[in-house]
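Protein sequence lines correspond, in order, to chains A and B.
Just so you know, the numbering used here puts 163 at position 163 of the first sequence, and the rest follows in order with no gaps.
In the numbering used here, each number is its position in the second sequence, counted from 1, plus 275.
Hints are computed from structural coordinates only; laboratory data are not their basis.
Treat each hint with caution, since some may be false.
[Said to hold, decoys possible] Derived BS3-like pairs: lysine-lysine, alpha-carbon spacing no greater than 27 Å straight-line:
1) B:K409 x B:K446
2) B:K548 x B:K527
3) A:K184 x B:K554
4) B:K554 x B:K533
5) B:K533 x B:K379
6) A:K184 x B:K533
7) A:K206 x A:K267
8) A:K111 x A:K225
9) B:K446 x B:K430
10) B:K379 x A:K184
11) B:K527 x B:K379
12) B:K409 x A:K267
13) A:K267 x B:K443
14) B:K379 x B:K409
15) B:K446 x A:K267
16) B:K527 x A:K184
17) B:K430 x B:K409
[To be verified] Quick look at which bits of chain B chain A covers, simulated, 3 or more residues with Cβ under 8 Å:
18) 417-426
19) 446-457
[What the hints assert, rightly or not] Listing some non-contacts, in silico: residues in chain A with all C-beta distances to chain B over 12 Å:
20) A37
21) I127
22) A180
Beta carbons: idealized from backbone N, C-alpha and C, even for Gly.
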Amino acid sequence: MNDVAEATVEQGLTALPTQHLPKSSFAASERWLRIAAPFIVLALWELIVRVHLLDQRFFPAPSMIVEDFIAYAQSGQLVTDTLTTLSRILVGFFIGAIPGTILGLFMGINKWVRAFMDPIVSILYPIPKIAILPLMLLIFGIGEASKYSLVAIGVFFLMVINTEAGVRQIQQIYIDVARAYRIKPLSFYTRVLLPGALPNVFAGVKLSIGVGIILGVAAEFTAAKSGLGFTIWNGWQTLQVERMYVALVMVSLLGYLLTALLDETEKLLIPWLRP
Amino acid sequence: MGSSPISVARFPNWRRPPGEEVGAFVQVSNGTDKRKEIEKPEAQMIRINVQDVGKVYSTGTVALENIDLAIEDGEFVSVLGPSGCGKSTLLRIMASLDHATSGKIDIVGSGIAAKDALPFAVVFQEVSIYPWMKVRDNIEFAFDSLSMPRAEVRKRVDQQLELVGLSKFAKAYPHQLSGGMKQRVAVARAFAVDPPVLFMDEPFGSLDEQTRVGLAGELLQIWERTRKTVVFVTHGIEEAVSLADRVVVLSKSPGRIKEIIPIDFPRPRDPVKLRGEPKFGEYVVRIWDLLR
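All chains, full assembly: derive it from the sequences and hints.
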């Protein structure tokens, strides 16, 4: 009898910490569901096309897209187009982000700069950036510069707005310390304002990459002879629907990888925010 | 005053405000005899003159009124008052972080404008070390405006880290430290640049009582070695009495000087043992009466 009683007591004790078990097994199946979900949708898609419930001229089956993906990759065109688009996005991003961040820092800390720039930014920011593509083509011609500048302009405003907000949320004490210790202006900007605003700056960078992809791809629709955007547009004009899908998948993959890279960079650059 | 190196000619606007009271402020209490043992080059002698300082906020609130105070070289002065009496504002004005609406504050003494030194350093109440800099970088950052060789800076930072017992944490980020340790870093930063004057704005105000008294003891130990001129703002009566040579008691809105009480304890002091002295209790009760 005693043994049984002890055993149940022990079970009772050990049962306490293991109460999380059902929870974690639920978490495991939840994770599997997350991974499986896209494949389930793809399988359904394949099935519906195969039984002719979906018009395969508009919705080619995933297997057909994969087939075209392989052909596209083997021709070497896939890598070239992806890198072309990526470089347009990244070059444009840096051209826009660096001055945008600097102006944002000035606007955040200096009320005169803010008073001057605030209305200008407010007026220009809401313009759909894609709407100024014709203007960019007029100014920079059909070459790379027009794509860089379109991406850069979109990124610029996002960085200005986010950096300014970042500087303004820096606690006054950090500014007071810099004043009390007579920190030099350059150090003040690079070692107090910029790191202080960095969480917001990073939010701006993430938004900017998203917008950069949209603008980069859109600019390639009409004003390019290469790149993923061109491939999508060309897929429509030449009725290469599978190729269109392949390029769309590549754009989405590009966005996913850039975001993942940024998340890692953020952890590396802002170590004080993850205790 | 005769042998004072302060050149009045260099500061023509400065004259001692009239009135006996003001003269009394300048008197140094007996407890500061030991200060003379520390030899300072005359060039570093410092004096802070607060002349008829007033501060009125744009809302019309009078924060400070008729503040006259002369602080001598090497003095440890506590400014005490109820919260909202403007004591922090007074300190911010002294540290040029805020403007007085009337009167003026001079920190006089040759050597103040030296290239390799700051005239003063400030320790704040809130966490004032930068969360994005490691402990060592936080202290080194204070040398930013000084043209000092890097090796010398490193040496000084090491020394101060040793003094506050944080050598092991030189490469830690502030979020890895406790509240008391963060304030130690702030104190180390202030002492590292070795300014003639230290302004401390309730530096231990946000800490628990034990840490607070412990850090006050450490502060005194470090201070004994250097005998800097310190203005220490606090709302802790016992803290003020245990640390200061003189306690300046401010009244509430508008902040005026009610009385300046010389604290007559010999140095070096132990802020814990001091609390057992009968005279300590007398000082505390006297200040309590003033604040009532």
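Do the hints match the structure? See the list:
{"no.": "1", "hint": "B:K409 x B:K446", "result": "5 Å, holds"}
{"no.": "2", "hint": "B:K548 x B:K527", "result": "31 Å, violated"}
{"no.": "3", "hint": "A:K184 x B:K554", "result": "47 Å, violated"}
{"no.": "4", "hint": "B:K554 x B:K533", "result": "21 Å, holds"}
{"no.": "5", "hint": "B:K533 x B:K379", "result": "20 Å, holds"}
{"no.": "6", "hint": "A:K184 x B:K533", "result": "40 Å, violated"}
{"no.": "7", "hint": "A:K206 x A:K267", "result": "13 Å, holds"}
{"no.": "8", "hint": "A:K111 x A:K225", "result": "46 Å, violated"}
{"no.": "9", "hint": "B:K446 x B:K430", "result": "15 Å, holds"}
{"no.": "10", "hint": "B:K379 x A:K184", "result": "26 Å, holds"}
{"no.": "11", "hint": "B:K527 x B:K379", "result": "21 Å, holds"}
{"no.": "12", "hint": "B:K409 x A:K267", "result": "16 Å, holds"}
{"no.": "13", "hint": "A:K267 x B:K443", "result": "24 Å, holds"}
{"no.": "14", "hint": "B:K379 x B:K409", "result": "37 Å, violated"}
{"no.": "15", "hint": "B:K446 x A:K267", "result": "18 Å, holds"}
{"no.": "16", "hint": "B:K527 x A:K184", "result": "37 Å, violated"}
{"no.": "17", "hint": "B:K430 x B:K409", "result": "17 Å, holds"}
{"no.": "18", "hint": "417-426", "result": "holds (count 3)"}
{"no.": "19", "hint": "446-457", "result": "holds (count 4)"}
{"no.": "20", "hint": "A37", "result": "37 Å, holds"}
{"no.": "21", "hint": "I127", "result": "35 Å, holds"}
{"no.": "22", "hint": "A180", "result": "4 Å, violated"}
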